[in-house]
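Listed in order, the protein sequences are those of chains D and G.
Following the numbering used here, the numbering of the first sequence begins with 1 at its first residue and continues without gaps.
Following the numbering used here, the numbering of the second sequence begins with 1001 at its first residue and continues without gaps.
Please keep in mind that the hints were generated in silico from the structure rather than gathered at the bench.
Since this is a predicted model, take the numbers as computed values, not measurements.
Worth double-checking, as some hints may not be accurate.
Stated by the list, open to error - Below 35 Å or equal to it, Euclidean Cα-Cα: the simulated DSBU-like pairs (lysine-lysine) are:
1. 1046/G to 495/D
2. 425/D to 1046/G
3. 153/D to 433/D
4. 378/D to 359/D
5. 1046/G to 143/D
6. 495/D to 359/D
7. 249/D to 1159/G
8. 80/D to 1068/G
9. 213/D to 1123/G
10. 1159/G to 177/D
11. 1068/G to 399/D
12. 157/D to 1068/G
13. 1039/G to 311/D
14. 1039/G to 32/D
15. 200/D to 1046/G
16. 1159/G to 425/D
17. 1068/G to 290/D
18. 157/D to 1159/G
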Amino acid sequence: MAFIRKKRSLLLTCSLAFGFLASCSAPSNVEKAIDEQILHFGLGAEPQHLDPHLATSVAAHNILSALVEGLIGEDPKTLKPVPGVAERWNVSDDKKTYTFYFRKNAKWHNGDPVTAHDFVYSYRRILNPSLGAQYASMLHVLKNAKEFHSGAKTWEKANVGVLAIDDLTLELVLENKTPYFLELLNHYSWFPVHPPTIEKFGAFEQIGTPWTKPGNFVGNGPFSLSGHRINSVIEVQANPHYWDANQTKLSGIRFYPIETSDTEERAFRTGFLHVTQSVSSDRIEYLQSKHPEWIHSEPYLGTYYYRFNVKMPPFDDLRVRKALSLSVNRKLLVEKVLKGGQQPAYCFTPPDTGGFTAKEGYSYNPEEAKVLLASYLKEKGLLTLPPIELNYNTSEAHKKVAEALQAMWKTTLGIEIQLLNMEWKVFLSSISKGDYSLARAGWIGDYVDANTFLHLWRSNDGNNLTGWSNRAYDQSLSLAEQSLTPQERFTHFQKCEDLLAQEIPILPLYFYVHVSLRHPTVQGWYPTLLDHHPYKHVYLEGKITE
Amino acid sequence: MRTFFISRLLQAIPTLFVIATLTFFMTRFAPGGPFDSDKAIPDEIKIKLQSHFGLNLPLFDQYLLYMKNLLAGDLGPSFKYVGWDVSELISLAFPVSLSLGISALLIALLIGLPAGMLAALRKNTLWDYLPMGIAMVGVCLPSFVLGPILIMVFATELKWLPALGWYSWTDLILPSLTLGLFYAAYVARLTRAGMLETLKQDYIRTARAKGASPSRVILRHAIRGGLLPVVTYLGPAFAGLVSGSFIIESIFFIPGLGKFFVTAAFNRDYTVVLGTVLFYATLIIILNLFVDFLQAWLDPKAREQQ
């Protein structure tokens, strides 16, 4: 009996505890946010670096764009250049010299003025070969930057096209006319760092110093870093020294590196998050029908594709690659399998990338596919193709696509495809060694210009990895760089796209969309191709409904 | 007793050495490296990064260097969380896992022990079948099912408790329940078996014959022997609980050790993998030692053997 009483008292304690909790259940983050103006942001992953010159991820961009401001800013709707640290700029007639005139009231978080010399220092730092910055090549558009970065010449001898004319005037000279140059400036590799802070921590060419920790980080953006708990939260608060502090309505942002989309969704549903980074593909349909006010599917500058290893049979033969390509029904794939609003990809560059829309080169034609494969088999004296391995990194979403294609190739061509999922690093290692025949891949553009996509298939590009190389392709891309008019550039880009569709080293499948959950109280947030959302325009307003 | 204690501690040294060596080479032989990414890194930059972290040295030299630093208590820097040291990361994550583990263990014991004893004392009645039935379900129900169910009920629907995070004390409740209920089920079954075994012993019959009250028989005589299987289980269970659970930490978004360990393995963050493995090993060695002491205290037979 004693134990029964004990049990009862335990039950009583539990129910009392829950009753207590129920009576004092606090308002959610989203409810409090209307008064506090704190945005709760699902970051997806913990960034590896918060140093703009070493950062390599979307997560890092999402934080750095709050903490640091480049020469120019972005329009929240179109991402077109608007004044940032520079209040205005001039472009020379040959479109190779840009002069930026700084505003006097641009300040670092500690109150120091932001000067042209700070930018010279920053560009010299990221291009310094000893730093080993992964995105330093973004600055190769600057005159002689490549020479300095390769270590061939010292900074003084290289004469890199960066010059502080005075404290408030910066001149940048380019190697080639680069139509997307201003857009490039909003990539974090072009962001400035605060020279006294870098010097204090000896971070000029040293990786891993604590300068990016809260209390040490000095930026110049609308927000300053106020807290960082690894795998938990990164906090930023509005910076009163920011030149446009009046425009900034948020008092702070909390970034949560929640990696699983199911956990993110639960966080969203309980009012913990305003914005999620992703939505589980199984949940898209349900959320679209039940909560269309939450779920947003917005175009994203990226292409999902498969690589062929053209050095290995049977994909060393164009007929096989073409047969596989012609038997993929991309429309069916996006409508019945992906269902997130993705667009079928009949070329590699997503439509309207910096004004360029490629003609559809790839197509669906199962009859022609059968003929091509039959001719290959006949020539090789085979009855059917030996089974082909398709590699992809372990993920439910990649598996679904792979299974769909496996079925399409089986029905149309009678080919056996063996699906081989691999852990991410094992996958990367086998692709980079060329140890695959068919593999899944994806590419997200770094800036809004076709060059960010098409450079991949240059013969010597480190990302090519298909074994495919084509001289005409390389030439067209070089010609595009030197073109004088957009029309001329686009012609060369189209030539590149045509070559891809003729030779089929890759199989574009669909163009990405960014599917996320966003609370209706989040205002001033617009769909943009790069998923950039300048935070100084974002605010929280509206009625909280269940 | 003292010699036993000292010899056990000395045994720990070669154990840790072997673990460190094996882990070092196993992580290095896994395909891929910490700096591989889907965007190609130019070779010269990769070399720079590798030399920064000492990965350019011959493997055996790296090993010697690591062991030398280890002896000085330096676990090295993380490759993934650049700017953070492994010891710093462990010291941040371990208290989280520890508090979660302790509260889960308390839940396991508070629920498991009474339920198991009740079942043993009221053998083959409803008081036996009901808790043991629930315990069976508890053992079978994986945490990735129980966790989301608890969140759905208490966070999404009732809005009593937070669904995730690690920011206030209320954040502790749901994950500890998810983690603790599984162990409670186990503890209940072990307690029942242990108690049943003990209640059959001669000395219990003697105590009863001498006229000791039922509660005295249980609390004074039976409980010590009856709890032995639970105590044996508690050592590894506690180590398992405080070393963190990747699944619970992912579901509830908790910055504990389990997540560091698993993501470090995926990221090929060599130093973090090694650091956490060594930390776990030390923890388990210490806890096992503690359990041996506890057993000796509870069981005269074990005392003699030692």
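Cross-check of the supplied hints:
{"no.": "1", "hint": "1046/G to 495/D", "result": "33 Å, holds"}
{"no.": "2", "hint": "425/D to 1046/G", "result": "15 Å, holds"}
{"no.": "3", "hint": "153/D to 433/D", "result": "32 Å, holds"}
{"no.": "4", "hint": "378/D to 359/D", "result": "33 Å, holds"}
{"no.": "5", "hint": "1046/G to 143/D", "result": "24 Å, holds"}
{"no.": "6", "hint": "495/D to 359/D", "result": "10 Å, holds"}
{"no.": "7", "hint": "249/D to 1159/G", "result": "29 Å, holds"}
{"no.": "8", "hint": "80/D to 1068/G", "result": "54 Å, violated"}
{"no.": "9", "hint": "213/D to 1123/G", "result": "60 Å, violated"}
{"no.": "10", "hint": "1159/G to 177/D", "result": "58 Å, violated"}
{"no.": "11", "hint": "1068/G to 399/D", "result": "44 Å, violated"}
{"no.": "12", "hint": "157/D to 1068/G", "result": "42 Å, violated"}
{"no.": "13", "hint": "1039/G to 311/D", "result": "21 Å, holds"}
{"no.": "14", "hint": "1039/G to 32/D", "result": "40 Å, violated"}
{"no.": "15", "hint": "200/D to 1046/G", "result": "26 Å, holds"}
{"no.": "16", "hint": "1159/G to 425/D", "result": "40 Å, violated"}
{"no.": "17", "hint": "1068/G to 290/D", "result": "59 Å, violated"}
{"no.": "18", "hint": "157/D to 1159/G", "result": "66 Å, violated"}
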